[in-house]
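Chains as they are written, first to last, in my numbering: chain A, 362 to 644; chain B, 362 to 644; chain C, 362 to 644; chain D, 362 to 644.
Hints listed in this document are in silico derivations from the structure and should not be mistaken for laboratory results.
Bear in mind that the values here come from a model prediction, so they are computed numbers and not experimental data.
Careful: at least some of the hints might be erroneous.
[What the hints assert, rightly or not] Distance ranges between label pairs, derived from CB positions:
1. B:K405 to A:N595: 29 to 35 Å
2. D:H425 to A:E556: 54 to 60 Å
3. C:K640 to A:S393: 50 to 56 Å
4. B:S415 to A:H425: 47 to 53 Å
5. D:K608 to B:K524: 47 to 53 Å
6. C:K640 to B:D522: 47 to 53 Å
7. D:E465 to A:K467: 51 to 57 Å
All C-beta atoms in this analysis are idealised placements derived from N, C-alpha and C, irrespective of residue type, glycine included.
Protein chains: 4
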Amino acid sequence: MINENIKEIIGKEYKCLNKGFVRLIDIMGDDSSIVQAARVSYGKGTKSVNEDLSLINYLMRNRHTSPFEMVELKFHIKLPIFVARQWIRHRTANVNEYSGRYSEMKNEFYIPESEQLRLQSAINKQGRSEELVDNETSDTVIEQMKNTQEFLFTEYENFLDKKIAREIARINLPLSTYTEWYWKIDLHNLFHFLELRLDHHAQYEIRVYGEVIADILKLAVPYAYTAFEDYMLNSVNLSKKELTALKEIISFDKFDQINFDSHRLKGRELSEFKEKIKKIINI
Amino acid sequence: MINENIKEIIGKEYKCLNKGFVRLIDIMGDDSSIVQAARVSYGKGTKSVNEDLSLINYLMRNRHTSPFEMVELKFHIKLPIFVARQWIRHRTANVNEYSGRYSEMKNEFYIPESEQLRLQSAINKQGRSEELVDNETSDTVIEQMKNTQEFLFTEYENFLDKKIAREIARINLPLSTYTEWYWKIDLHNLFHFLELRLDHHAQYEIRVYGEVIADILKLAVPYAYTAFEDYMLNSVNLSKKELTALKEIISFDKFDQINFDSHRLKGRELSEFKEKIKKIINI
Amino acid sequence: MINENIKEIIGKEYKCLNKGFVRLIDIMGDDSSIVQAARVSYGKGTKSVNEDLSLINYLMRNRHTSPFEMVELKFHIKLPIFVARQWIRHRTANVNEYSGRYSEMKNEFYIPESEQLRLQSAINKQGRSEELVDNETSDTVIEQMKNTQEFLFTEYENFLDKKIAREIARINLPLSTYTEWYWKIDLHNLFHFLELRLDHHAQYEIRVYGEVIADILKLAVPYAYTAFEDYMLNSVNLSKKELTALKEIISFDKFDQINFDSHRLKGRELSEFKEKIKKIINI
Amino acid sequence: MINENIKEIIGKEYKCLNKGFVRLIDIMGDDSSIVQAARVSYGKGTKSVNEDLSLINYLMRNRHTSPFEMVELKFHIKLPIFVARQWIRHRTANVNEYSGRYSEMKNEFYIPESEQLRLQSAINKQGRSEELVDNETSDTVIEQMKNTQEFLFTEYENFLDKKIAREIARINLPLSTYTEWYWKIDLHNLFHFLELRLDHHAQYEIRVYGEVIADILKLAVPYAYTAFEDYMLNSVNLSKKELTALKEIISFDKFDQINFDSHRLKGRELSEFKEKIKKIINI
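Okay, chain A solo, but in the shape it has when bound (with noise of 0.2 Å):
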């Protein structure tokens, strides 16, 4: 049941950071299985490829999600915890990780390049800036953060050399330690974390695990991904009080005269836009 062009990079290491990774290790369905869903519900059998792609174009479009939920990935991925603890609070998925209660944690930690040594942002309160650190500066900070993993590591031994219960050694270790899991989540509830942990505001060290997610989707799902770029990523939301001042500045009066066909727009979709821009002229 898994699409052919897939099976070369199950199993793959795909490295995130300086120790982490990434591996697809099994998948159910493809973009096949999401058009199968969706035609038990309109109680239509198989069509042309085109008609498929059209399908999941309107599926994303619509928001109807279901047929994207009967895709399921299963993944390993090898991560610091402080990104874990971003990662685990998508609640919809299937999670099996290292214990450090049962297996001695390994001396393992996430160094930043120094490239993403930032300043904190003055506007947003919860990220990096686009500022660097000074060169002295960020060559001082991952010295200091390296040693202290090493002290670190080497206390932990320490404890356990004294047959402390693994439980209560780790307590010390560092956010900064490699943790493991199998992850299973399935396609929707994917592009949904992707739409989050892509977004420039996400946590770099999270969003490095994204984009080598999406990757995968790429060659795993093409016309679903696809549609979730277009339909979703790329997308913009605007809110009735936007919709009320951008109104000021569009000239509907030039919208027939738009190149449709440039831009891909036709048929039902070409419906949907036009009583989006009624929509825009009546707000």
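Based on these hints, arrange chains B, C and D on the given structure of chain A.
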């Protein structure tokens, strides 16, 4: 812990359709609970009412959904089974339904008003058109529906008289039979429910319930509901294709002449709008 | 990634009731995937088949449910609406159902076999008794049911002929009407479904589907299914009260004379049993 | 809508560990809400207190979980990050956590009391043993832990002084750092949380929180909590294998001599017990 304004509508029966209703049974939290939960993230305490309102708008605009999950509502609802079947597809909710296995079903059925007896839409494959059925047909159909419901209930009672198990006796009762349930859901998921069920593509018979619930929310969480209207319900999502088309008829050079104040766009919200405009220009 | 044994039953139609069916459409994983996911927690690699079996038993016994969530199954199911209404209460699943708004419903209805036409149970308020309806009544009732279904479908077609919108025309169709859906669920939640739906308190008409799904699982995940039978389905949960009562008639002094080998109790499992016995003694 | 008894503990800070706490912020419903929701299924109105108690017991015994979902609780909790990581695995809940991206972390860390500094268990691979570390080691380890935490916080502050973005500066903070969150969950899922987290296999540091929450529930939903203790927490689940072994030492012929009254077993509950005994005999 209950908003004073809301106390008087607790338990009140809001009629829906010919025999249905919505009753708000209980509510946990109000606008201030959304703010309270958000502030734990930011590590900040109470602020002014104005800042609360502004924070709720910010959260809604940026789809920070978890603070809205901190408000919980419980309803008692009476509705036809075919509406219940659409309703139950919203999975993130708690339900206790009247059971036709335990108890006898009641002689209560949905009958459409004649103005709801519309022709099949040719454009929208899943809906009715604007076009009314002619009066004569309408009268006949409604008469037939009533007779059939009466006949079906008599047959059901006849089966029960023969001591046939209730769980079997009921199988030919129609989808128009009324059922009832307790339904508990958090505010974020309720907004999602409303976004879908207030839409003009939703079946009329469930939209009626959506409108009543919307009215209740206007009283229960006025700030959050206004934000929902501004940033979700009345917002327009434009795909990449649509934006490239629209771009042709926008005069970006006049952007700075817009009177943003008159559209209530300022501060962080205005910056976000400018970011979107930049995104459209660069698309 | 599909178990070779299972390939031949993919897509196969297992009949249920008079017109329903279950078809396994796709499956992600098998017994070894459960083990693989569990081992990531323990930080250990592949082991022998025996150790795998033993690990699955351990996980099931101790309700470590997340590794079972790593197997996902997708079914195509045709079932009467009253069964679908019970089924959908299991919320942790993905569903795409045939839509009576988009498409015309088909002339297919559930009719009970005469041996399923039972009297209302006096003890179990929600079920049928063992007692059959007498032959004459049974014949009459089944005949009436068929006639009613025929009549209702003719009326439905008649409404459609009048161009009444499908979403309205269908409201008097009975709960015995067949619908169909794609249904996707993980193995842990499927076991929970089976635990409830294989129970003799479950309505016969849904139990039939449960039994077919159980047969499929015996082929798809034989180790996990056996563990499910041993540790969930055929286990008995005894409340504190029941244990204090039972305690009176247990001869704990003979405990060590039990031939544990003959009951396949050894190692960690035997220790756990002894812990439970200690708990009962001290209750 | 809030139980009078519970009002006085709303907001009260229950201390946990060295710096943590649990505060009940809000509650929707009480024992009577469970009964109310169950009765909608049975189509019955209010009954006597005795019948309410008996119904709650029946629902719990037979795992009719949905009425328990109709009670919702919201807590404010302060806890070490390694505890938070176990806690968040309970997915059916709503969470707003303090953010180390938005705000500076505080100088607050978990330090175990010396009696909790135990040796690794040899039997239970994921836990500590009963055996205490010797006093000298214990003093040294705790001293080291404190020094390390102090050092790590100083380094964190030093990074912040250099204007390093908060989201990066924090990565070497330890898992013992305190965080806090609002956590909202329904009673059924909270009982499931407690079943796992009150168990002696749960890590001590999360069990402490479980015990405080249990105390709160004893006040908030006394009937439901007693039912939880009788039918879940203190029940014993015996597998098929264990039952066949136990059967050897049960004198079933003395069953009728049991004084069921003294064990509070009567009516429907006694019948259910007899059914279980029959199941054991026939296993």
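Each hint tested on the structure:
1. In this structure the hint that K405 of chain B and N595 of chain A lie 29 to 35 Å apart at CB holds, the actual value being about 34 Å.
2. Distance hint check: the CB atoms of H425 of chain D and E556 of chain A are about 38 Å apart, inconsistent with the given range 54 to 60 Å.
3. The supplied range of 50 to 56 Å is met by K640 of chain C and S393 of chain A, whose beta-carbon atoms lie about 53 Å from each other.
4. Checking the proposed 47 to 53 Å range against S415 of chain B and H425 of chain A shows it is violated: the Cβ atoms sit about 34 Å from each other.
5. Checked against the given bound of 47 to 53 Å, the beta carbons of K608 of chain D and K524 of chain B, roughly 39 Å apart, lie outside it.
6. Between K640 of chain C and D522 of chain B the C-beta distance comes to about 51 Å, which sits within the given range of 47 to 53 Å.
7. For the pair E465 of chain D and K467 of chain A, the beta carbons lie near 30 Å from each other, so the given range of 51 to 57 Å is not met.
Hints 2, 4, 5 and 7 from the earlier list are contradicted by this structure; the remaining hints agree with it.
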